[in-house]
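Asker: Read top to bottom, the protein sequences are chains A and B.
Mapping of the first sequence onto the numbering used here: position 189 corresponds to residue 189, and the numbering continues sequentially without gaps.
Mapping of the second sequence onto the numbering used here: position 34 corresponds to residue 34, and the numbering continues sequentially without gaps.
Be aware that one or more of the hints could be misleading.
[Stated by the list, open to error] Short, incomplete list of chain B residues facing chain A, as computed with Cβ under 10 angstroms:
1) Arg25
2) Gly190
3) Phe200
4) Ser212
Hint data in this document are derived by calculation from the structure and do not stem from the laboratory.
The beta carbon of each residue, even a glycine, is placed where N, CA and C say it ideally should be.
Number of protein chains: 2
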Amino acid sequence: MRAMIFDLDGTLVDTVYAHVFAWQRAFAESGLAIDGWRIHRRIGMSGGLFARAAARELGREINAAQEEALQQRHGELYRQFLPERRPLPGAVELLATLRANGVAFGIATSGRRPEIDASLDALHIGRETVVIERRDVARAKPEPDLFLACQAKLGVPVAECYVVGDAVWDLLAARRAGMLSVGLLSGGYGEDELLASGAFRVYRDTAELHHSLDELGLLP
Amino acid sequence: MRAMIFDLDGTLVDTVYAHVFAWQRAFAESGLAIDGWRIHRRIGMSGGLFARAAARELGREINAAQEEALQQRHGELYRQFLPERRPLPGAVELLATLRANGVAFGIATSGRRPEIDASLDALHIGRETVVIERRDVARAKPEPDLFLACQAKLGVPVAECYVVGDAVWDLLAARRAGMLSVGLLSGGYGEDELLASGAFRVYRDTAELHHSLDELGLLP
């Protein structure tokens with residue numbers, strides 16, 4: 001195995017609960033009451049897909065303008081609720097170890113700039129790192145496009161890439177991309193949900209993953 | 001089976017994610033950075049126990065005054081983030097069905113008044129309903145005291161009470177009280193975590209539980 005492709009929110013930075021709560025408030029302000037846990041279980045898919053799926057679950061259809069307005073409001077609330085971003089334990093150290101050992105890695109996120117900029121800064125991600133975001137591809141997770149675009153830019157064959165993510169959408173998209181995946185509990189999913197979605201291994205967070213790189217056959 | 005004893009947050013009202021986020025901000029303001037998912041997995045134990053456990057995980061000890069200050073700040077942020085409370089789907093209808101069929105029920109929560117008042121109002125819980133809160137017992141969940149106090153007040157034998165909760169702390173406390181328990185996914189735990197903690201059955205939310213009362217041998 002020669003490369004790791006990372007999801008961002010809930011995998012490398014501790015942002016899932018702020019996202020859940022910002023979506024919940026944005027929906028509530030529009031008169032759409034949606035349960036927190038149902039939002040949580042959809043975090044990681046694209047914002048547009050999420051807004052439509054959530055509205056459908058409430059038995060409502062929303063148009064493109066309403067969808068865009070919900071996304072806009074979610075972004076505002078999110079930045080207000082979480083002005084600073086914090087790497088999850090071990091994330092910065094893990095990336096440093098990969099770099100030091102010549103293991104290729106990139107980030108593939110359903111998030112969009114400028115929302116993700118602060119998270120990338122907190123992780124000390126510079127211009128040398130491959131980052132594929134929502135706008136770089138036609139379709140976000142659970143479609144495989146983000147991971148395939150990242151893999152193509154890294155120049156590593158599909159069969160030699162691990163996807164690392166906290167959500168079932170990462171694992172589903174990884175499977176569709178033909179890649180093995182590693183699940184992390186740091187996004188708040190249960191271990192069974194990640195294993196049932198095809199995770200090859202599940203670790204608590206990037207700190208535990210960091211100490212388990214040998215198990216994954218990644219270090220030289 | 002003759003009675004149901006309900007947890008409140010995440011079981012009957014959709015408040016878990018607001019609690020998680022309020023705790024996360026309260027800790028962050030005190031210079032204590034704690035991962036969202038670790039907070040989530042501790043929601044439902046008493047606030048005091050929670051604050052001490054979280055600080056210990058960060059390698060810090062906190063004194064009684066700091067613990068009280070954290071709880072105070074959590075309460076303020078929680079009420080600010082979530083001014084209105086919303087019953088989870090089917091909760092109000094489920095309680096009405098129990099009432100109409102003469103099935104005893106009560107609420108046993110690690111929460112405290114006045115924080116829980118708005119939630120009880122949203123559920124149309126009147127003075128006729130048994131409510132045991134944090135201050136009514138010496139020890140909160142995962143100790144069995146809250147459930148045993150509720151059961152005693154209902155006057156139904158332990159062996160004829162179900163506990164209904166969303167957190168492993170409810171299920172652990174139920175086991176220690178000698179009661180069967182039902183887990184709900186509406187607090188955001190995974191099904192495996194609830195089953196592994198001893199849930200007899202797991203449903204999505206109170207709406208699904210409502211339609212499954214016959215499975216539990218509760219209706220006459």
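Asker: Give a verdict on every hint.
Answerer: Hint check:
1. Arg25: holds (8 angstroms)
2. Gly190: holds (2 angstroms)
3. Phe200: Violated: closest Cβ of chain A sits about 18 angstroms from B:Phe200, beyond 10 angstroms.
4. Ser212: violated (18 angstroms)
Hint violations for this structure: numbers 3 and 4, all remaining hints satisfied.
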